[in-house]
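Each chain, written out:
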Amino acid sequence: MRHFVPGNDKIVIDSKELQKLFDVLLRHGYTTIGPTLKDQAIILDEISSTDQLPAGWTDEQAGGTYRLNKRNDDAWFGYVITPTSWKPYLHSPAAKFWSAKRNGRGFDVEEDKKEPAKFAFIGVRACELHAIAIQDKVFYGKEFQDSAYVQKRERAFIVAVNCSVAGHNCFCTSMETGPRVTGHFDIALTEIIDGEHHYFVAETGTDIGAEILREVSITPATEEQVQQAEKVVVKTESQITKLLDTTDLKNMLARNLENRIWDTIGKRCLSCANCTMVCPTCFCTNVEDVTDLSGDHAERWRKWDSCFTVRFSYIHGGSIRNSTKSRYRQWMTHKLSSWVDQFGTFGCTGCGRCITWCPVGIDLTEEAAAIRQGEKHVAVDDEL
Amino acid sequence: MIAEVPNVTLPRLFQISRAVKETHDTFTFELKPLDGGEFTFKPGQFNMVYQFGVGEIPVSISGDPLKKTSIIHTIRAVGGVTKAMRKLKKGDVLGIRGPYGTDWPVLRASGHDVAIVAGGIGLAPLRPVIYHVLANREKYGKVILLYGSRTPLDILFMKEIEKWRARLDTEVAVTVDRASGAWRGNVGVVTTLISKAHFDPAKTMAMVCGPEIMMRFTVQEFITRGVLKDKIYMSMERNMKCAVGFCGHCQWGSNFICKDGPVFRYDTIHDLLMQREM
Chain A
1 MRHFVPGNDK IVIDSKELQK LFDVLLRHGY TTIGPTLKDQ AIILDEISST
51 DQLPAGWTDE QAGGTYRLNK RNDDAWFGYV ITPTSWKPYL HSPAAKFWSA
101 KRNGRGFDVE EDKKEPAKFA FIGVRACELH AIAIQDKVFY GKEFQDSAYV
151 QKRERAFIVA VNCSVAGHNC FCTSMETGPR VTGHFDIALT EIIDGEHHYF
201 VAETGTDIGA EILREVSITP ATEEQVQQAE KVVVKTESQI TKLLDTTDLK
251 NMLARNLENR IWDTIGKRCL SCANCTMVCP TCFCTNVEDV TDLSGDHAER
301 WRKWDSCFTV RFSYIHGGSI RNSTKSRYRQ WMTHKLSSWV DQFGTFGCTG
351 CGRCITWCPV GIDLTEEAAA IRQGEKHVAV DDEL
Chain B
1 MIAEVPNVTL PRLFQISRAV KETHDTFTFE LKPLDGGEFT FKPGQFNMVY
51 QFGVGEIPVS ISGDPLKKTS IIHTIRAVGG VTKAMRKLKK GDVLGIRGPY
101 GTDWPVLRAS GHDVAIVAGG IGLAPLRPVI YHVLANREKY GKVILLYGSR
151 TPLDILFMKE IEKWRARLDT EVAVTVDRAS GAWRGNVGVV TTLISKAHFD
201 PAKTMAMVCG PEIMMRFTVQ EFITRGVLKD KIYMSMERNM KCAVGFCGHC
251 QWGSNFICKD GPVFRYDTIH DLLMQREM
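As given, the protein sequences belong to chains A and B, one line each in that order. So the first sequence is residues 1 to 384, counted in our numbering. So the second sequence is residues 1 to 278, counted in our numbering.
Do not rely on the hints blindly, as some may be mistaken.
[As the list claims (entries may be wrong)] Distance windows between CB atoms, simulated:
| id | chain 1 | residue 1 | chain 2 | residue 2 | range |
| --- | --- | --- | --- | --- | --- |
| 1 | B | Ser17 | A | Glu115 | 36 to 42 Å |
| 2 | A | Val310 | B | Asp271 | 44 to 50 Å |
| 3 | B | Gly188 | A | Glu110 | 49 to 55 Å |
| 4 | A | Glu154 | B | Gly188 | 57 to 63 Å |
| 5 | A | Glu154 | B | Lys89 | 30 to 36 Å |
| 6 | A | Lys303 | B | Glu38 | 33 to 39 Å |
| 7 | B | Leu134 | A | Gly318 | 48 to 54 Å |
| 8 | A | Asn251 | B | Lys203 | 34 to 40 Å |
Worth flagging that the hints you see were computed from the coordinates, not collected in a lab. From a predicted model like this one, the values you see are computed outputs, not experimental measurements. Every residue, glycine too, gets a C-beta built ideally from N, C-alpha and C.
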């Protein structure tokens, strides 16, 4: 992975000049991915022009709720967060491992040798930078590395954009992942709309980031512009109201596997797996074997899977996690407890997607608080 | 320049050089690498075994760790892939990835009495331990094998068990849950054999493999007899797709069974074992 070396200079890019960033990246052979309006949402897609950015739109998110609203300005990145994360680009929802052809009583295996995609991500939020760093720890294993992921990750170029607005479900401040971008990017932008002036203050995080930025703009930002940029993040931070108390969280959950709260969540949870699909760090997959009608050609595919399915934990004789309660407990304790043992960080970045896209609005921050509260009550009962 | 990362999902091809029916639902393959190379493993480790167009499954290695020219797998036909595999014959080809996972403490057991308890197909991943211990017999104290099977017809490696039992330097006991035919041996669960076995609890290394419930009760018996918790090892099983820590299926608490297991020291998993639906 590239070394993070923050540049000293802050550069200003006028909004009229931001198109150059797309042009330079395209010229360097990147496929540029960014936010755009589609299906009544601000989603990530392949875009090549600033005209395709969701100018003047924002999103309102709450438990089980997502809707678009008009902003009273024409900000391009004036939204909270997209429904899906950047995860599908680095960790494909479906990818072929290899194919095989029958050869007598044996078979020959052929690896897919196509050039890995070279993505430039434009508009990555602070929490999402952390999500990518978290998945890096999974797929850059000590003993084994996931070649499909690593090949794309090594080639990816990241343009982060500081959040100018927070949503009801954001709790990055609790997870210490945002709203300010602090690392893991090539270029970071802050969008500023000041009356008639619409511009970006840019900083660099890597050598290649500095190289690309030089081709876009070399105009140093004024002291006032830098201060304006600073105010944006400070204002966003002040809008965040959702909290997750991370004090002793790992151990608290580990000693509360039989807390009664799991039963009440189990009754609400539909086991639909939405939370795992929108989660930017969930990495679980299944493998599918495919053959053609002749039976002479076979393929192995990897597809996203979810610990919310009964089949996920199947071994001969039955599934280990039969109850919804146990599957929710597996997911949440993985995110907030066992992940720490496995990879040294939480598996949660506080992006709030699992709350927004839960059809019944289950909020893991509320559930973690309830479990903590429940533990206190049990402790008091024991003393009495 | 971006370094090439090897694709860990690619199998190595092996040809079945011997196919043996063990019991009505178990069979053993001897596999030789088509590339002519060697294969080394440690007792307790497993492979991912792929059948063309059918699927890939984790299977423990049941052969002698000293034999590096072939792999032995003993498989019970319980699911779609294993039932298809049962039909394969000498000359057919399988894909192999591995070996993966942690191994039994055969080195740590040196100077100890070795108590091996197996249930059903659980004898397969323990057979390499028996081979190792018998090949290095002077390094160990008493060697005890306690084996439980559902019925006399389900007993795995019967001829070998008889050979081991005939030795003067081993203690071998077999029990069945349900007797049938001419069975005149023990009847009852395997845990009942532990109290009668002759080992010194203070210097015993116990290795257990079988159904989870059997392992839980077996461990309890060992503890009752005074075997130390950090000298009891067991091999766990969970759904497994990748064997390299990426698919997430085999997670058990903080453990990935594929890389932190399958062989665990009891005192490190004691709390998890007591937890349902983990």
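Going through the hints against the structure:
1. B:Ser17 to A:Glu115: 36 to 42 Å: For Ser17 of chain B and Glu115 of chain A the Cβ distance comes to about 40 Å; the hint holds.
2. A:Val310 to B:Asp271: 44 to 50 Å: violated (25 Å)
3. B:Gly188 to A:Glu110: 49 to 55 Å: Since the Cβ atoms of Gly188 of chain B and Glu110 of chain A sit about 53 Å apart, the hinted range of 49 to 55 Å holds.
4. A:Glu154 to B:Gly188: 57 to 63 Å: holds (59 Å)
5. A:Glu154 to B:Lys89: 30 to 36 Å: The hint (30 to 36 Å, Cβ to Cβ) is violated, given that Glu154 of chain A and Lys89 of chain B are roughly 45 Å apart.
6. A:Lys303 to B:Glu38: 33 to 39 Å: holds (35 Å)
7. B:Leu134 to A:Gly318: 48 to 54 Å: The hinted range 48 to 54 Å is violated for Leu134 of chain B and Gly318 of chain A, with Cβ atoms some 37 Å apart.
8. A:Asn251 to B:Lys203: 34 to 40 Å: Since Asn251 of chain A and Lys203 of chain B have Cβ atoms about 35 Å apart, the given range 34 to 40 Å holds.
Of the hints listed earlier, those the structure fails to meet are numbers 2, 5 and 7, in rising order.
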